[in-house]
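Trainee: Residue numbers (my numbering), protein chains in the order written: chain A, 780 to 1108; chain B, 10 to 336.
Here's a subset of chain A near chain B, in silico, CB distances under 10 Å, partners left out:
{"#": "1", "residue": "Ile-1043"}
{"#": "2", "residue": "Leu-1046"}
{"#": "3", "residue": "Pro-1055"}
{"#": "4", "residue": "Ile-1057"}
{"#": "5", "residue": "Val-1061"}
If you want the footprint, here are the derived chain B segments under chain A, 3+ residues with CB under 8 Å:
{"#": "6", "segment": "193–200"}
{"#": "7", "segment": "223–230"}
Hints in this document: simulated from the structure, not taken from any laboratory. Since the structure is predicted, the reported quantities are computational estimates derived from the model, not experimental observations. Using N, Cα and C, we set each Cβ at its ideal position, and we do this for glycine too.
One-letter residues, chain by chain:
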Amino acid sequence: MSARGTPPLLSVRNLVVEFTTRYGPVRAVDDVTFDVYPNETIGIVGESGCGKTVTGLSLLRLIPSPPGRIVQGEILLQGQNLATLPEQKMQALRGDEISMIFQEPMTALNPVLTVGTQMVDVLRRHRKLTRRQAKAEAIEMLAKVGIPVPDKRIDEYPHEMSGGMRQRVMIAMALSCNPKLLIADEPTTALDVTTQAQVLEQILKLQDEFHMAVILITHDLGVVAETCRRALVMYCGEIIEHADIESLFETPHHPYSRGLLDSIPRLRETKLPELPVIPGMVPDLLHLPPGCRFADRCGRVTDECRRQRPKLETITATEASVACFHPLN
Amino acid sequence: MSEPLLKVTNLEKHFPVRGGLFHRVQAHVRAVDGVSFELLRERTLGLVGESGCGKSTLGRTVLRLTEPTGGDVQLNGKSLIGLSRDALKARRRDMQIIYQDPYASLSPRRLVGDTIREPLDVHRIGTPAERRKKVEDLLDIVGLRKQVLSRYPHEFSGGQRQRIGIARALALNPSFIVADEPVSALDVSVQSQVLNVIARLQREHGISFLFISHDLAVIQHVSDDVGVMYLGKLFEFASSTDLYREPKHPYTRALMSAIPVPDVRRKSKRIILGGDVPSPMNPPGGCPFHPRCPEAMPQCRDVVPVKVNTGTSAKPHYVRCHLYSDS
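For reference, chain B alone in the conformation it holds in the complex (with noise of 0.2 Å):
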């Protein structure tokens, strides 16, 4: 097996809370609370769960956009972690973030073609005339017209409007991208159109991506291997095939019942999880999931579950549930 392209150990990002007269730190939130994982070359990796899960405070700790509180992230076997400014900005060009709203990541005031060809002009890429050229590639890989390069942001449709986004971020041909929610806030119509770009860019660019998103179908679409987070810690994570065929932690199995499926025949029964997320402020102890959880056990209440393997080591399948131990 090669080696990954991007390796996380143990991240962690605690935002301190601070309150009270002497304005003094008196809780973390536990955004993201040990997280670890590997994504190999050319694969997406599918990052789901519910709001307030810290799915995308991880999206941004491992691109350092947000500075970690603890642990690893190595980038192509180099790590992120400790390196200055000048360091980390010539690393970002390997890396790139596509955002969720369309409308409030581009620069209102800018011309599209001159916010594709930022990065290049920041990085110092090639001459005028080539970086003029590498627009207009762009352009054409997301399905956009050259004409788009002299208007502005107002004039397109929140679809376009990513695909511009997806064209800025592929400009320093990154071999890891970030999309956050990419495409939540577009139209079901639209969205199938994007995700296909995206299934597109991964298979004939040989990009990897970190897909964030809450729709468990449309992770699935896009996804080689599946992380679900609950409260800052990954829950289960698996080859997409695996997950979707047999989910195992009882959150997954809940969240993939809640779905509501376009399908009149389906009237299977529904896993109707009670109460809300808990605040990550204040996080039941034991298993954090344990007060939701249709299965909980006495243990569940005081013992924090570990991070078991129920796959192979070649076809692993890790879950962090009481219910399973290592096979």
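Bound-form chain A, shown alone (with noise of 0.2 Å):
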């Protein structure tokens, strides 16, 4: 969507990741499809179980197979097909060319390792480091992160470090190979919102300093708004719409999209006597609706949006493109 001029870093097409439940297979992403552009931050937001989680994962190949399956679509990252790559081709891509970080440092990190020797670990085994080379490159990364005192710090163990901390340990490892594009799942989710503040900050500065793109997965549309270009919001596997910030934020094209904005508790002069609702909730992804999986909670619903499910397509005006019969503004 985008004339960028330069070729993507990675193209996303018509992914499709199915997991195999006891009741019958289970669309968790379907038919997506984007590009990563190199040096900059694109969003992915939606609610829990609208696929986000799974888009990321399987990015790098990581989804428990069995039971999750990348049954169609391509992941090219420079032209390269990660969907189809050899297991051994990719462990050597991940953390080298993408990295990955999560929400819950503390389960990300091994506990009973210091957090010297887990970086050392990923230093040495891409790097081709000696031990002292790599621990002197691990004290450097945990200072870039803002690490204060990072050649004591770096002996203690991941429960010594507060929330904060860890989440920098993280970063700190995940950037030490130097990755072309970052993938950021919730990444600040599980912090108070003074540090997520500072944690943001400097992920978007080390962004600039090591030119990598960042994917950031989130379902705080505040901090999407904050930190990225542009966004896809994903609903039920789909993203139904893809749009630069500036119209995603002040002319949504989906009533989803609109609604989500709308009910966010925010900061006002005054207050509201209601907040503004989505009714209902998500349908269930065993027993999805044949059309517009949005049709029961949408007040612009016609029978054709019943019958028919709305492709993803360019509103010509904005660039956006939104998944529709009926799109706002």
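With the hints as a guide, bring both chains together as one complex.
Mentor: Below you can see the structure in the form of structure tokens.
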């Protein structure tokens, strides 16, 4: 959708991810297509169960298999299709070309090894450094992510650190091999607001320094507005809107995007008597309606919406794409 | 002005920390450290702060679910401190709690109908038929259908479970409910539905809430008065209108500016605090916020700031900060 001039770093084409369950196959990601350009930050937003995390994990082929499986589609990293890459090559690529950080830094770090040991492992594996070189490099990385006295803290165990510190260690580790793409899955959701502000600022600063692209997966539209240039909105496994953030936040096209924006409690001059709500709830992925998946909760629904599934189509005036028969604006 | 429904005076909860060879008490975590406030009838007090600031402990201590180590709590003019088990149980009819995690706070083996009816059974209220009727009324209030009664919690989404938790808390017609992060585990579209239920209870049923949350925007939506807590102390306390229009304490201001705003035009300057919340076991001397405070002065390091009223006596605005003096 973008006239950026440069070829995309990552192209995801018609990605479908299914999970086998007792009740039948569930499509967690359904025909998802998007591009990521070098050095940009792109957001993937949506509520729990919309498929945003599975999308992120499948880019690195980290979905547990079985029960999960990439059924269809291509994940092209500079022309190389990761969906069909042998596992051994994939392993060399993880952490090296693409890194990922997760919501809960405590479970992502090994509790019985010091932070230093874990960082040195990564560096030695990918960059063929001696132990001493790797340790020096690790200390430098910790300093870059804003950890005070890094030469002392490198010998601490994860439990000796606060949540914000642990997330910084995760970031330091993820960036230690200078990846081209960082996938950040709810990186600040477990943190307090003041710590969240610190960590987000750090990620953006490092993005500039390391010239990498960032895919930021989050449920928090506020975080997207403050960090991304454009964003994908997901609902029930599909992308329902894809737009620059100015367009998404000021003139959203999909009724779901509009509803989400309206229902966020935000600081206001005067408080509202009632918060606007999206009625009903997300449908069960096992029993999806044949037409638009948002139809039952939508104020603009027509018969067409119930019969047919809208495709993601570009709205020429704004360059945004939306999957809706009756878009707003 | 009428008598407050809830009056908390100098409430303290210090947890002993044991360790060493003889398992002696080595220090105390001052989770709640001298908190005083009043909550008027049919009003909601929002309590905001970051994790570890003591806001949940305060909520539990007010209900004596955690035994306070000092201070007094009066509900309807009568103290809850020192009451016997039975006397306390009788008072509990008037005060209830809603928990954060709707997945953990409902018994998975019990039918939803039984869960909601349990408080009526425990307090032996009404005949079985009256209890059944009451449960159905409660479902109506929180916006659930009758069919849910014979189902189990796992069949429901987070938002519905939270409604079930609210119905249970309402069973005894309490005048006061502590809501401890009741919407934090919910998705935004569901969060606003549950917040509206709570706002309606307050408006139509005259229930007072102590509403605990880490989210200043959520707090603004439901509260009449707001208290900001840091390391066991109330740093600022004012009416919601005053606090949001003119936050005084540097910590409150930093907290407000740190909220990511879903508005692409706002590129306002953000106050980024350095460091983390210090350990409550070993809080810094003077003002406990001084190591992170962008406006710290030399005296902040040594002198503990006292509570001052920067508002009027009719509309108080309390702050605990050396930048301010009594007006």
